[in-house]
Amino acid sequence: MASGVLRMDEITLQRHAGDKWFATNPPDAVAFPRSTRAVADILKFANRHHIPVTARGAGHGYVGGCVPVRGGIALSLARMKRIREISGSDFVAVVQPGVITAELQDAAEAKGLYYPPDPASRADCSIGGNIATNAGGPRCLKYGVTRDYVLGLEVVLPDGSVANLGGRCHKNKTGFDLARFF
Numbered sequence: 001m002a003s004g005v006l007r008m009d010e011i012t013l014q015r016h017a018g019d020k021w022f023a024t025n026p027p028d029a030v031a032f033p034r035s036t037r038a039v040a041d042i043l044k045f046a047n048r049h050h051i052p053v054t055a056r057g058a059g060h061g062y063v064g065g066c067v068p069v070r071g072g073i074a075l076s077l078a079r080m081k082r083i084r085e086i087s088g089s090d091f092v093a094v095v096q097p098g099v100i101t102a103e104l105q106d107a108a109e110a111k112g113l114y115y116p117p118d119p120a121s122r123a124d125c126s127i128g129g130n131i132a133t134n135a136g137g138p139r140c141l142k143y144g145v146t147r148d149y150v151l152g153l154e155v156v157l158p159d160g161s162v163a164n165l166g167g168r169c170h171k172n173k174t175g176f177d178l179a180r181f182f
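Under full-length UniProt numbering, think of the first position of the sequence shown as 1, with each following residue one higher.
Keep in mind the hints are simulated off the structure, nothing from the lab.
Nothing here was measured: the structure is a model prediction, and the numbers come from that model.
Each residue gets a CB set at the ideal place from its N, CA and C atoms; glycine is no exception.
The reader is advised that the hints may include incorrect statements.
Straight-line alpha carbon distances no greater than 30 Å define the calculated DSS-like cross-link-like pairs of lysine-lysine that follow [to be verified]: (1) Lys-81 <-> Lys-20; (2) Lys-81 <-> Lys-44; (3) Lys-44 <-> Lys-142; (4) Lys-20 <-> Lys-142; (5) Lys-81 <-> Lys-111; (6) Lys-111 <-> Lys-142.
Taking CB as the label site, the calculated pair distances span [said to hold, decoys possible]: (7) Val-63 <-> Glu-154: 36 to 42 Å; (8) Met-8 <-> Gly-112: 42 to 48 Å; (9) Gly-64 <-> Asp-90: 35 to 41 Å; (10) Lys-142 <-> Lys-44: 15 to 21 Å.
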């Protein structure tokens, strides 16, 4: 693993022990990957050694989803924060999970587009966390929740294999919508 990717100091462990929910439990280590390949390597290692892994976005949720249940590795996706593409021709944004919601909304608006989901913490929450919790917020009654805006996902499975689910097509009826499982 590259230098700085894995941290085990007490301050880092405590910062990754919980979210806005009341429950906390520190991990044994915190990983900070910057790429899908790095996530895959971490999950392969953890799977091989039976180490639990808890994914973590920005840590601003109220559901406890990023709280490590049994220690293990907290997989912080905060450094995976690139907006790779925003296309006005097919209205698709391709982003990494650590992108902050407000940054995506601002980038879309700069291109004359609109990304409606706003879980009322848009300046702090990440797209990955929004997808994991299917965040909605005050605009969801009119525009829908996060899953209504996810066309595809690149997912790293526990064994380290990478699955590309869905795609850029807005209407796709060729089989099961596996992206919604994640």
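Going through the hints against the structure:
no.	hint	in the structure
1	Lys-81 <-> Lys-20	21 Å, holds
2	Lys-81 <-> Lys-44	22 Å, holds
3	Lys-44 <-> Lys-142	41 Å, violated
4	Lys-20 <-> Lys-142	26 Å, holds
5	Lys-81 <-> Lys-111	19 Å, holds
6	Lys-111 <-> Lys-142	22 Å, holds
7	Val-63 <-> Glu-154: 36 to 42 Å	23 Å, violated
8	Met-8 <-> Gly-112: 42 to 48 Å	46 Å, holds
9	Gly-64 <-> Asp-90: 35 to 41 Å	36 Å, holds
10	Lys-142 <-> Lys-44: 15 to 21 Å	43 Å, violated
Hints 3, 7, 10 from the earlier list are contradicted by this structure; the remaining hints agree with it.
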